[in-house]
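We have chain A already, so just place chain B on it with the hints.
Protein chains: 2
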Amino acid sequence: MNERDALRALTADLPHAGDDAAVVDGTAITTDMLHERTDFPSRTTRYTAGWRAVGASLSDVAAMGAAASAAVAVYADAAFDREELSRFVAGAVDVCEAVDAEYVGGDLDEHVEFTTATTAIGDVTEAGSVTRGGARPGDALCVTGEWGRSAAALRLFERGGEDDIERANELFRFTPRVADGLALAGTATAMMDSSDGLARSCHQLAEASDVGIEIERDAVPVHPAVEAVAEDSAERFELAAHFGEDFELLCAVSEAEIAGVREGCPSGLTRIGTVVEEPDGEAGPRVLADGDPLPDRGFTHGDE
Amino acid sequence: MNERDALRALTADLPHAGDDAAVVDGTAITTDMLHERTDFPSRTTRYTAGWRAVGASLSDVAAMGAAASAAVAVYADAAFDREELSRFVAGAVDVCEAVDAEYVGGDLDEHVEFTTATTAIGDVTEAGSVTRGGARPGDALCVTGEWGRSAAALRLFERGGEDDIERANELFRFTPRVADGLALAGTATAMMDSSDGLARSCHQLAEASDVGIEIERDAVPVHPAVEAVAEDSAERFELAAHFGEDFELLCAVSEAEIAGVREGCPSGLTRIGTVVEEPDGEAGPRVLADGDPLPDRGFTHGDE
Numbered sequence: 001m002n003e004r005d006a007l008r009a010l011t012a013d014l015p016h017a018g019d020d021a022a023v024v025d026g027t028a029i030t031t032d033m034l035h036e037r038t039d040f041p042s043r044t045t046r047y048t049a050g051w052r053a054v055g056a057s058l059s060d061v062a063a064m065g066a067a068a069s070a071a072v073a074v075y076a077d078a079a080f081d082r083e084e085l086s087r088f089v090a091g092a093v094d095v096c097e098a099v100d101a102e103y104v105g106g107d108l109d110e111h112v113e114f115t116t117a118t119t120a121i122g123d124v125t126e127a128g129s130v131t132r133g134g135a136r137p138g139d140a141l142c143v144t145g146e147w148g149r150s151a152a153a154l155r156l157f158e159r160g161g162e163d164d165i166e167r168a169n170e171l172f173r174f175t176p177r178v179a180d181g182l183a184l185a186g187t188a189t190a191m192m193d194s195s196d197g198l199a200r201s202c203h204q205l206a207e208a209s210d211v212g213i214e215i216e217r218d219a220v221p222v223h224p225a226v227e228a229v230a231e232d233s234a235e236r237f238e239l240a241a242h243f244g245e246d247f248e249l250l251c252a253v254s255e256a257e258i259a260g261v262r263e264g265c266p267s268g269l270t271r272i273g274t275v276v277e278e279p280d281g282e283a284g285p286r287v288l289a290d291g292d293p294l295p296d297r298g299f300t301h302g303d304e
Numbered sequence: 001m002n003e004r005d006a007l008r009a010l011t012a013d014l015p016h017a018g019d020d021a022a023v024v025d026g027t028a029i030t031t032d033m034l035h036e037r038t039d040f041p042s043r044t045t046r047y048t049a050g051w052r053a054v055g056a057s058l059s060d061v062a063a064m065g066a067a068a069s070a071a072v073a074v075y076a077d078a079a080f081d082r083e084e085l086s087r088f089v090a091g092a093v094d095v096c097e098a099v100d101a102e103y104v105g106g107d108l109d110e111h112v113e114f115t116t117a118t119t120a121i122g123d124v125t126e127a128g129s130v131t132r133g134g135a136r137p138g139d140a141l142c143v144t145g146e147w148g149r150s151a152a153a154l155r156l157f158e159r160g161g162e163d164d165i166e167r168a169n170e171l172f173r174f175t176p177r178v179a180d181g182l183a184l185a186g187t188a189t190a191m192m193d194s195s196d197g198l199a200r201s202c203h204q205l206a207e208a209s210d211v212g213i214e215i216e217r218d219a220v221p222v223h224p225a226v227e228a229v230a231e232d233s234a235e236r237f238e239l240a241a242h243f244g245e246d247f248e249l250l251c252a253v254s255e256a257e258i259a260g261v262r263e264g265c266p267s268g269l270t271r272i273g274t275v276v277e278e279p280d281g282e283a284g285p286r287v288l289a290d291g292d293p294l295p296d297r298g299f300t301h302g303d304e
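Quick mapping for you: the protein sequence lines, in order, are chains A and B. All the letters of the first sequence, read from the start, carry residue numbers 1 to 304 under full-length UniProt numbering. All the letters of the second sequence, read from the start, carry residue numbers 1 to 304 under full-length UniProt numbering.
Next up, chain A with everything else stripped away, as it sits in the complex (with noise of 0.2 Å):
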C-alpha cells in the first residue's frame, strides 16, 4: 500500500482526519514528519530546516483559518551539534513569531538521520473553522500570494553557487499564511494549503466538496525567483502548479465578497479561476486549464 491510499483507509478510520488540521474542542492541531534525505536539500541551513518545519505546521493552521498559538518539534539526529540545534531552534523561534505563535521546545531523539516531527496548535476564532469540503459552484477559485518559489529554491540548491544557495534557503523560509487564513475565516467556503501543488491541491479541494474547477493558467501568480530559473511559459507553469511546498492557501469565495476580503489579506488574494458543477459521474475530469484537463500530479522529479 502506498502512502496516498494509506492516507486515505486512515482518513475512513478517523472522523477528524482528512484535512489540514483536527479541530477539538476550538483547537485546529496537526503534524508533520521531514527528513534530510527526501526534504532538505543538502546546503539546507538547521535556521532554514527548523523555519521550514515548523512553518509546515503552522501553515495547515492557518488553511483552517485558526490563529496559530504554540508550536513544538521532535529533533532527530544521529549526533547533536550545539550550534546545528541552536540554530534550527532559532529558526524555529522566528517563524513562530513571524505569525504571533510561540515555539516551545519539544523533544530530541537520536536517529540515523536528521529528522523532525512537527506540531502545531493554533485557536478557531469566532468565525469558525474552514474545511476543504465547503466550495460551492459558482464561487472564485482564489490563491494567496506568488507560486514556485519552492521550485525555484530547488534549482538554486542545484545550481549550487555561494549566492544562489543563500537565495535559496531565504526562498525556503516562507511565511506561514495565518494573517490571510484568519481573514478568509467566515468568508472562505473552503480552503487548504497547498503542501502538495497547486494542480494536486484543487483536485482534492474539488473532491472534498464534491465540485469541479475550472482555471487560466495566465491567473496563477508566479513567484519572481520562478522568471529567473524557468526557460519558458510551460515550465514556468510546470514550476508554479506542479511541484508544491509553496505553503500557499488555496480557498473559495463567493464573487461577491473577493474585494471585501482581499483587503485584510497581507500576501494578496489573486483570483484564478471558478468552482463549477461536479463532473457527470467518475468519468468527466475534475480539474480544467483553460479548458484542458489539470492532471492530478506533483513535480516530477527527473531521475531523482
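It should be emphasised that the hints constitute simulated quantities derived from the structure, not laboratory data. One should not assume that every hint holds.
A few chain A residues that face chain B, going by a derived Cβ cut-off under 10 Å, partial list only [said to hold, decoys possible]:
no. : residue
1   : T45
2   : S69
3   : L85
4   : V93
5   : D94
6   : A101
7   : T175
All residues carry an ideal CB built from backbone N, CA and C; glycine is no exception.
For chain B alone, coordinates are given in the frame of chain A:
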C-alpha cells in the same frame, strides 16, 4: 554532545521547555518520538505500540495536572501494511478513550524503521498547572500506581513464550494518569511523570525545586508482575526504581493534604518519602534512599 546535555542546552534557550509539557494560554502541549529499535521489543504488537506511544504523550499532559483533550501521531515505516496501521490507530484511539481524550489522526511518512512521533494537548483547569519546581521542604513525596511494570514486561518479552509475550504487551499498555493528575492539580506543589524511572525522576524534581529528597525503599509500591521476574528484593527495587517508562506520577504534597487528595486518585497515592532542605552546595547527595545516596541513573541494560 549527548542527548542529556543537548536537552539542558535547549532548556536554557526556551522559557517553556524543561517540564513534562509546555503550557501556552491554558493549553498544555508535549511531543515525543519513539523508534522500533530502541523503544519497542520485537514482539510488541502495533496495537500496543500505538497505545504506548500516544500514552507517553498523554502521560506528560497528566503530569501537568491538565485534562487531556486530543492527540496526534506521525506513523513512519519502510512500507505501509494496512493491518498494522489500523492496529496502531486502534491502540491510539483506545488509549485516548481511556483518558477521555480524542485521537484525531496525524501524518504518514516513509522511513527506514518503524518510528512514531506523538503529540498530546490538554486544558489546564481552574486549579492551574503543576510544574516540577514547587516542592517545599516538609512536603511528602508521593507516587501513583505501582512501579516496575515496564521492566517486568521487558523480561517477559525476553523470555518469549506466547503467554509471556501476551502479558508483556498488556503490561506495556499503561493507563496514563490523567485522572490522578487532575485530582492532584491545585494540591501537589510539584509533579512529573516517571519516564526516566523513579531514581532519575527524584533527582529531576529535586533539582527543579532546589530541594533534597529522602525516600524509603520499602515504601515504593512494586507492581505484582515484578515479583514474578525478580530474584530478590534488591532486584525488585532495581526494576521498580531504575528502569523507568512506567509513566506513573511522582509528586510533592503537604502532609496534611495526602488523605484528602488520595480519595480522588483512581490509581492510588503512596507516600514514599519526604522533601528536605537542599543539600549544601554541589557536594551533598540530592536524593537519599534509606539514608544512602540514590544514584541518578536509569536501568543498566547489560551488553545491549
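Results for each hint:
Using the Cβ-Cβ criterion of 10 Å, the hint placing T45 (chain A) at the interface with chain B is not satisfied: the shortest such distance is roughly 17 Å. Checking S69 (chain A) against chain B by beta carbon gives a least distance of about 6 Å; that is within 10 Å, so the hint holds. Checking L85 (chain A) against chain B by beta carbon gives a least distance of about 6 Å; that is within 10 Å, so the hint holds. About 8 Å separates the beta-carbon of V93 (chain A) from the nearest beta-carbon of chain B, less than 10 Å, and the hint is met.
Residue-level restraint check for D94 (chain A) is violated (minimum Cβ-Cβ distance to chain B is 13 Å; threshold 10 Å). Hint status for A101 (chain A) relative to chain B: holds, with the closest Cβ pair at about 9 Å, below 10 Å. Because the beta carbon of T175 (chain A) sits about 21 Å from the nearest beta carbon in chain B, more than 10 Å, this interface hint is broken.
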